[in-house]
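Each chain is listed here by its residues.
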Amino acid sequence: MIEIIGIWVAAFLTLCIYSFLYRDNPFYRFAEHLFVGISVGYGIVIAMHQGIIPLAWVPLSEAMSALWTVITGQATPETINALWGLVKIIPIAIGLLFFARLSPRHTWLIRYPIAILIGFGAGIAIPNELQANIFAQTRGTIAPFAAINAGTLSAWDIFGTILIVIGVICTLIYFFFSMEHRGAISWLSKVGIAFLMVGFGAAFGNTVMGRLALMIHRVGFLIKDWLGTIF
Amino acid sequence: MKRQVPLALCFLFGIVMILTQFVPHKYVQALYKEFIDWGLIISPFALVLAVITLIQTHTTRVRRRTEHWQYSFLVFAGMIIMVCVGVPFGEQDSVFVWLYDNVQVPMDATMFSLLAFFIASAAFRAFRARSFEATLLLVTAMIVMLGNIPIGDLVWNKVMSWTPWADGASGARQWILDVLNSAARRGIILGVSLGVISQSIRIILGIERSYLGGGD
Amino acid sequence: MLERFMNMDRRIIFILIALVVIIPTLIPIRLPITVSEPTQKLYDYIDTLPSGSTIMIAFDYGPSSLAEPEPMAKAVMQHCFSKGVKVIGMTLYANTPTLAHKLMRRIAAENKAVYGEDYIFLGYRPGALQVILGMGTNIANVFETDYEKTPITEIPMMQNITNYDQIALLLDLAAGSTTGAWIVYANTRYGLKIAAGVTAVIIAQMYPYLQTGQLIGLMPGYLGAAEYEKLLNVAGGDGTVGLNTASYAHLLIIGLVLLGNIAFFVHRRKEA
Amino acid sequence: MIKTTQWVAICLVLCLSVSTAFSQESAAPSNVTAVDTPNDDGSSITIKWDAAAEDTGISGYQILRRIADGDLEEIGGLLPAETTNYVDSSIQQGTAYTYIVRAVTEAEATVDSEQTAPVKGTGEWFHTGKTPLFVAMLLFSAAIVWNIYNARSGKEIFVRRIPGLEAVDEALGRATEMGRSILYVLGLGGVDNVATIASMTILGQVARRTADYETPLRVPCNEPVVLNVVREVVKTSYLDEGRPDAYNEENIFFLTGDQFAYAAGVDGMMIREKPAAIFLQGTFAAESLLMAETGNSIGAIQIAGTDSEHQLPFFIAACDYTLIGEELYAASAYLSREPMLLGSLKGQDWGKILIFLTIVLGVVLELFGVNWITTLLQRVS
Numbered sequence: 000m001i002e003i004i005g006i007w008v009a010a011f012l013t014l015c016i017y018s019f020l021y022r023d024n025p026f027y028r029f030a031e032h033l034f035v036g037i038s039v040g041y042g043i044v045i046a047m048h049q050g051i052i053p054l055a056w057v058p059l060s061e062a063m064s065a066l067w068t069v070i071t072g073q074a075t076p077e078t079i080n081a082l083w084g085l086v087k088i089i090p091i092a093i094g095l096l097f098f099a100r101l102s103p104r105h106t107w108l109i110r111y112p113i114a115i116l117i118g119f120g121a122g123i124a125i126p127n128e129l130q131a132n133i134f135a136q137t138r139g140t141i142a143p144f145a146a147i148n149a150g151t152l153s154a155w156d157i158f159g160t161i162l163i164v165i166g167v168i169c170t171l172i173y174f175f176f177s178m179e180h181r182g183a184i185s186w187l188s189k190v191g192i193a194f195l196m197v198g199f200g201a202a203f204g205n206t207v208m209g210r211l212a213l214m215i216h217r218v219g220f221l222i223k224d225w226l227g228t229i230f
Numbered sequence: 000m001k002r003q004v005p006l007a008l009c010f011l012f013g014i015v016m017i018l019t020q021f022v023p024h025k026y027v028q029a030l031y032k033e034f035i036d037w038g039l040i041i042s043p044f045a046l047v048l049a050v051i052t053l054i055q056t057h058t059t060r061v062r063r064r065t066e067h068w069q070y071s072f073l074v075f076a077g078m079i080i081m082v083c084v085g086v087p088f089g090e091q092d093s094v095f096v097w098l099y100d101n102v103q104v105p106m107d108a109t110m111f112s113l114l115a116f117f118i119a120s121a122a123f124r125a126f127r128a129r130s131f132e133a134t135l136l137l138v139t140a141m142i143v144m145l146g147n148i149p150i151g152d153l154v155w156n157k158v159m160s161w162t163p164w165a166d167g168a169s170g171a172r173q174w175i176l177d178v179l180n181s182a183a184r185r186g187i188i189l190g191v192s193l194g195v196i197s198q199s200i201r202i203i204l205g206i207e208r209s210y211l212g213g214g215d
Numbered sequence: 000m001l002e003r004f005m006n007m008d009r010r011i012i013f014i015l016i017a018l019v020v021i022i023p024t025l026i027p028i029r030l031p032i033t034v035s036e037p038t039q040k041l042y043d044y045i046d047t048l049p050s051g052s053t054i055m056i057a058f059d060y061g062p063s064s065l066a067e068p069e070p071m072a073k074a075v076m077q078h079c080f081s082k083g084v085k086v087i088g089m090t091l092y093a094n095t096p097t098l099a100h101k102l103m104r105r106i107a108a109e110n111k112a113v114y115g116e117d118y119i120f121l122g123y124r125p126g127a128l129q130v131i132l133g134m135g136t137n138i139a140n141v142f143e144t145d146y147e148k149t150p151i152t153e154i155p156m157m158q159n160i161t162n163y164d165q166i167a168l169l170l171d172l173a174a175g176s177t178t179g180a181w182i183v184y185a186n187t188r189y190g191l192k193i194a195a196g197v198t199a200v201i202i203a204q205m206y207p208y209l210q211t212g213q214l215i216g217l218m219p220g221y222l223g224a225a226e227y228e229k230l231l232n233v234a235g236g237d238g239t240v241g242l243n244t245a246s247y248a249h250l251l252i253i254g255l256v257l258l259g260n261i262a263f264f265v266h267r268r269k270e271a
Numbered sequence: 000m001i002k003t004t005q006w007v008a009i010c011l012v013l014c015l016s017v018s019t020a021f022s023q024e025s026a027a028p029s030n031v032t033a034v035d036t037p038n039d040d041g042s043s044i045t046i047k048w049d050a051a052a053e054d055t056g057i058s059g060y061q062i063l064r065r066i067a068d069g070d071l072e073e074i075g076g077l078l079p080a081e082t083t084n085y086v087d088s089s090i091q092q093g094t095a096y097t098y099i100v101r102a103v104t105e106a107e108a109t110v111d112s113e114q115t116a117p118v119k120g121t122g123e124w125f126h127t128g129k130t131p132l133f134v135a136m137l138l139f140s141a142a143i144v145w146n147i148y149n150a151r152s153g154k155e156i157f158v159r160r161i162p163g164l165e166a167v168d169e170a171l172g173r174a175t176e177m178g179r180s181i182l183y184v185l186g187l188g189g190v191d192n193v194a195t196i197a198s199m200t201i202l203g204q205v206a207r208r209t210a211d212y213e214t215p216l217r218v219p220c221n222e223p224v225v226l227n228v229v230r231e232v233v234k235t236s237y238l239d240e241g242r243p244d245a246y247n248e249e250n251i252f253f254l255t256g257d258q259f260a261y262a263a264g265v266d267g268m269m270i271r272e273k274p275a276a277i278f279l280q281g282t283f284a285a286e287s288l289l290m291a292e293t294g295n296s297i298g299a300i301q302i303a304g305t306d307s308e309h310q311l312p313f314f315i316a317a318c319d320y321t322l323i324g325e326e327l328y329a330a331s332a333y334l335s336r337e338p339m340l341l342g343s344l345k346g347q348d349w350g351k352i353l354i355f356l357t358i359v360l361g362v363v364l365e366l367f368g369v370n371w372i373t374t375l376l377q378r379v380s
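Residue numbers (numbering that gives the first Met the number 0), protein chains in the order written: chain A, 0 to 230; chain B, 0 to 215; chain C, 0 to 271; chain D, 0 to 380.
Please note: incorrect hints may appear among the correct ones.
[What the hints assert, rightly or not] Taking lysine-lysine pairs in the DSS-like style, the calculated list, with each CA pair at most 30 Å apart, reads:
{"id": "1", "chain 1": "D", "residue 1": "LYS119", "chain 2": "B", "residue 2": "LYS25"}
{"id": "2", "chain 1": "A", "residue 1": "LYS223", "chain 2": "C", "residue 2": "LYS82"}
{"id": "3", "chain 1": "C", "residue 1": "LYS111", "chain 2": "C", "residue 2": "LYS101"}
{"id": "4", "chain 1": "C", "residue 1": "LYS269", "chain 2": "C", "residue 2": "LYS40"}
{"id": "5", "chain 1": "D", "residue 1": "LYS234", "chain 2": "B", "residue 2": "LYS1"}
{"id": "6", "chain 1": "C", "residue 1": "LYS101", "chain 2": "C", "residue 2": "LYS269"}
{"id": "7", "chain 1": "C", "residue 1": "LYS148", "chain 2": "C", "residue 2": "LYS101"}
{"id": "8", "chain 1": "A", "residue 1": "LYS189", "chain 2": "D", "residue 2": "LYS154"}
{"id": "9", "chain 1": "C", "residue 1": "LYS192", "chain 2": "C", "residue 2": "LYS101"}
{"id": "10", "chain 1": "C", "residue 1": "LYS192", "chain 2": "C", "residue 2": "LYS82"}
{"id": "11", "chain 1": "C", "residue 1": "LYS229", "chain 2": "C", "residue 2": "LYS40"}
{"id": "12", "chain 1": "C", "residue 1": "LYS40", "chain 2": "C", "residue 2": "LYS82"}
{"id": "13", "chain 1": "C", "residue 1": "LYS40", "chain 2": "B", "residue 2": "LYS157"}
{"id": "14", "chain 1": "B", "residue 1": "LYS32", "chain 2": "D", "residue 2": "LYS119"}
{"id": "15", "chain 1": "C", "residue 1": "LYS111", "chain 2": "C", "residue 2": "LYS40"}
{"id": "16", "chain 1": "C", "residue 1": "LYS148", "chain 2": "C", "residue 2": "LYS111"}
{"id": "17", "chain 1": "B", "residue 1": "LYS25", "chain 2": "D", "residue 2": "LYS273"}
{"id": "18", "chain 1": "C", "residue 1": "LYS148", "chain 2": "C", "residue 2": "LYS192"}
{"id": "19", "chain 1": "C", "residue 1": "LYS101", "chain 2": "C", "residue 2": "LYS40"}
{"id": "20", "chain 1": "C", "residue 1": "LYS229", "chain 2": "C", "residue 2": "LYS82"}
{"id": "21", "chain 1": "B", "residue 1": "LYS157", "chain 2": "C", "residue 2": "LYS229"}
{"id": "22", "chain 1": "C", "residue 1": "LYS82", "chain 2": "C", "residue 2": "LYS148"}
{"id": "23", "chain 1": "A", "residue 1": "LYS223", "chain 2": "C", "residue 2": "LYS101"}
{"id": "24", "chain 1": "C", "residue 1": "LYS192", "chain 2": "C", "residue 2": "LYS229"}
{"id": "25", "chain 1": "D", "residue 1": "LYS119", "chain 2": "D", "residue 2": "LYS154"}
These are calculated hints, taken from the structure and not from any lab test. All of these numbers come straight from a predicted model, not from anything done at the bench.
Input sequences plus hints: build the corresponding full structure.
What follows is the structure, encoded as structure tokens:
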């Protein structure tokens with residue numbers, strides 16, 4: 000029974016969302032606002048149960064009880080190790096600074112957590128982007144030429160490998176900003192644009208199947224699962 | 000206090016995060032794991048603040064009776080139900096899972112599936128051979144789409160069998176993706192990465208500080 | 000007229016797309032399918048397994064990409080149950096267990112398979128790599144209990160199974176990059192045979208593995224499921240319907256774009 | 000210090016005596032060495048030995064280890080016959096281990112190698128394998144800083160035309176004329192995402208112009224921290240333009256953190272508020288086309304920009320102007336004409352020239368069978 004109610008609820012909401020394709024209407028507005036509310040609620044629950052509780056609350060409370068064993072003189076190496084949990088007070092305190100936003104005089108305090116998070120992201124990004132993207136992509140462009148040297152590629156594959164190098168270089172030239180695109184540069188950057196357009200076309204065409212699959216599945220749900228409960 | 004300390008913190012955390020990538024020593028790696036946890040602990044506090052602004056937005060709408068104000072109650076209802084069930088009983092609770100499976104997931108999936116319609120209307124409108132570039136976009140998209148369906152191969156082998164791709168449209172599609180698409184993607188990725196790195200350097204060195212806002 | 004066609008209300012396109020998706024779902028009109036070699040190989044491999052052997056299926060896709068892998072799971076499981084081959088299900092995705100469990104239950108019910116004897120579902124454990132490696136030495140070390148919280152040791156079909164040595168094949172139903180991990184850690188390290196069923200978007204990434212023989216079979220998206228259904232002689236299976244529908248929709252979009260361009264050229268000539 | 004050397008000496012003597020005690024057999028694994036695994040956190044030791052000759056009938060190897068004079072313990076199970084190394088990651092840091100590699104023959108007989116010298120696992124303070132990465136990072140940072148420094152000293156820096164950005168004023172002007180609002184979407188990224196920061200800088204520039212025009216600027220956010228930063232950024236722009244009165248905090252609000260619920264909400268806003276101009280700048284995923292196509296349907300001027308290369312085709316198809324990849328990062332420099340941003344843009348171009356040269360040199364070298372560039376660029380974990 001509860002399952003059938005579930006199917007009906009899901010089917011109703013599915014149709015509400017699809018009604019948007021016609022135009023804005025009360026059913027879509029109903030689903031849209033409910034969706035926003037439910038998803039925010041879900042986000043809060045996940046932030047609690049997968050963020051704050053396991054990462055901050057559990058280590059901190061363990062550290063507190065460990066602290067108690069130290070005070071009462073029953074400390075073991077294990078409980079002393081658990082004292083490290085006290086470190087979590089720092090991020091919690093930093094996080095609490097966000098609430099400074101609520102007091103106009105202390106608003107500037109939220110710059111602290113924000114600066115930390117931004118510094119964090121920037122620091123992680125530099126070596127990772129360099130290695131995973133710049134190094135790896137440059138290497139990926141060069142490496143196939145070893146196979147040309149070894150003579151294991153067909154003429155057609157060699158053509159493809161060379162085409163990739165031309166494509167990469169011309170696309171990079173399109174992204175030159177501090178140079179006026181004139182003469183040879185302009186010509187090469189046009190080749191770069193051509194590569195970009197071909198790449199975009201290919202990616203667009205290749206995505207159609209996946210998007211259709213989503214819709215076919217949704218229609219399948221409506222026709223089989225939902226109408227199936229009626230007929 | 001108001002500007003220098005945040006900039007110093009940003010610099011400090013940035014540099015430490017860079018160094019953790021180059022120092023394999025266990026103390027540094029432990030610090031890295033600790034900092035990652037810190038990030039995950041700090042962010043949820045901002046969520047509380049954001050939810051407060053969400054509630055403010057919708058109470059204002061209700062109070063001022065702006066158009067469609069009634070729907071704001073739905074936002075509250077959805078949020079309160081999820082929080083009341085999920086916070087005390089956890090995300091494994093059967094009622095919470097039921098709500099997730101039968102309310103949130105279907106709407107997620109349906110919104111996602113709207114793309115099937117939108118991708119078609121966007122293709123119809125945008126894929127016109129107005130210029131050389133637009134023609135390239137159009138032609139490759141068509142070939143790749145043909146290559147994704149079995150009929151495409153049949154048609155291709157009848158009409159286009161003189162092309163170098165032996166196994167029909169799917170062969171052409173594969174070649175386009177492997178060669179032309181990956182060349183363009185590489186160019187984009189290389190450019191983007193340079194942009195990301197230079198912006199990150201500016202942030203860490205405190206040259207880029209627009210995120211601090213104005214004032215002193 | 001031409002101008003009106005070129006700038007037609009997008010809702011007409013929406014209706015056409017809806018029709019082209021709904022009609023084939025209701026009235027299956029079959030398009031010709033030739034079975035490709037990678038799917039045939041997978042079918043043959045399972046077909047020649049002795050009754051009583053066990054295969055493992057990894058449901059490595061999320062709720063947003065289940066449309067293509069589900070028909071594949073259905074076809075393969077149907078094949079297994081009809082041959083007396085047992086199936087162990089598991090997933091490397093955190094939010095997939097409920098979904099995969101439901102799916103397995105449904106397919107099993109359709110084929111009158113019994114939980115614990117013909118199939119089980121292990122569920123999810125965090126740390127993909129540790130899970131793949133851990134099961135190589137002992138499955139029970141990673142999954143002490145199955146998804147329904149029964150200890151592995153008490154499940155009838157698991158009595159003679161300790162690790163990959165007793166598993167004839169791993170089929171990875173993937174929407175992401177998990178197949179690579181299975182190949183590197185389960186095949187290279189423990190010699191487990193691997194096959195894959197993947198969504199259309201990631202097919203291109205699979206060909207290298209197929210060429211090196213690291214994948215003994217591959218089902219590419221709806222097409223793979225449809226081919227498998229053809230081999231099983233199932234009419235109107237989810238894969239076949241999906242493939243047909245998707246084909247019609249592709250043809251519709253291609254047709255619309257072509258017409259749009261013809262109109263565009265005719266219009267431009269008139270203007271000039 | 001003396002203690003350690005003494006200890007090592009004792010161990011060496013011990014090892015030698017132990018090893019001489021073993022009779023040398025032909026099948027015994029030879030040249031067995033155990034060393035602290037380089038470039039790790041000190042949690043493992045690597046044992047290496049020479050491959051056995053073809054006809055010795057070895058079916059596998061076992062690794063045995065002992066702590067000081069303790070008992071031999073077997074670790075890791077039977078290794079295939081073709082292995083020539085093993086990484087023992089089950090060690091206690093600071094403890095010295097000695098190892099023996101035991102060859103197991105097809106006849107189930109076993110032959111032990113000599114015992115290795117004692118070795119401890121230690122963590123390294125620099126990953127030598129990442130030296131190229133480190134050098135590249137320093138070089139690029141230097142290039143950026145140098146160019147910024149140069150730009151600050153007043154040198155004119157040229158920036159090529161970016162078509163999408165020339166449309167910004169047109170879009171804002173039209174919104175003002177029509178008396179409609181402007182919608183600015185920052186995508187899904189958090190504040191630790193660099194594209195989001197770039198988008199905020201552009202938003203700051205857009206806000207300066209809307210402050211003058213008194214056009215409402217609506218910014219629905221989907222990331223809580225971003226919301227707080229955006230409020231600061233926009234407020235600052237209004238202050239700088241001397242229009243703090245025109246700033247309305249309610250226009251910058253949190254919608255939801257869920258990807259598709261966010262798209263549903265933004266679509267709803269678009270269709271009800273009918274903004275005249277829509278900016279979609281930042282990191283996007285599948286929801287890109289959901290928003291761009293709806294925006295197109297209401298006839299708004301749309302200026303998109305993203306570094307998510309998978310979403311670019313959809314923006315190209317549905318928006319009037321699209322900033323492709325790095326153009327998003329160049330946009331803030333282009334709009335603000337701030338020397339520091341222009342300078343770093345030039346630094347990025349130096350980076351491109353470097354990549355360009357590396358590719359050309361690498362290709363030429365590979366064609367002649369020299370692969371040191373690909374080796375330098377190899378991924379190390």
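Are there hints from earlier that the structure breaks, and if so, what are their numbers? 4, 6, 17 and 25
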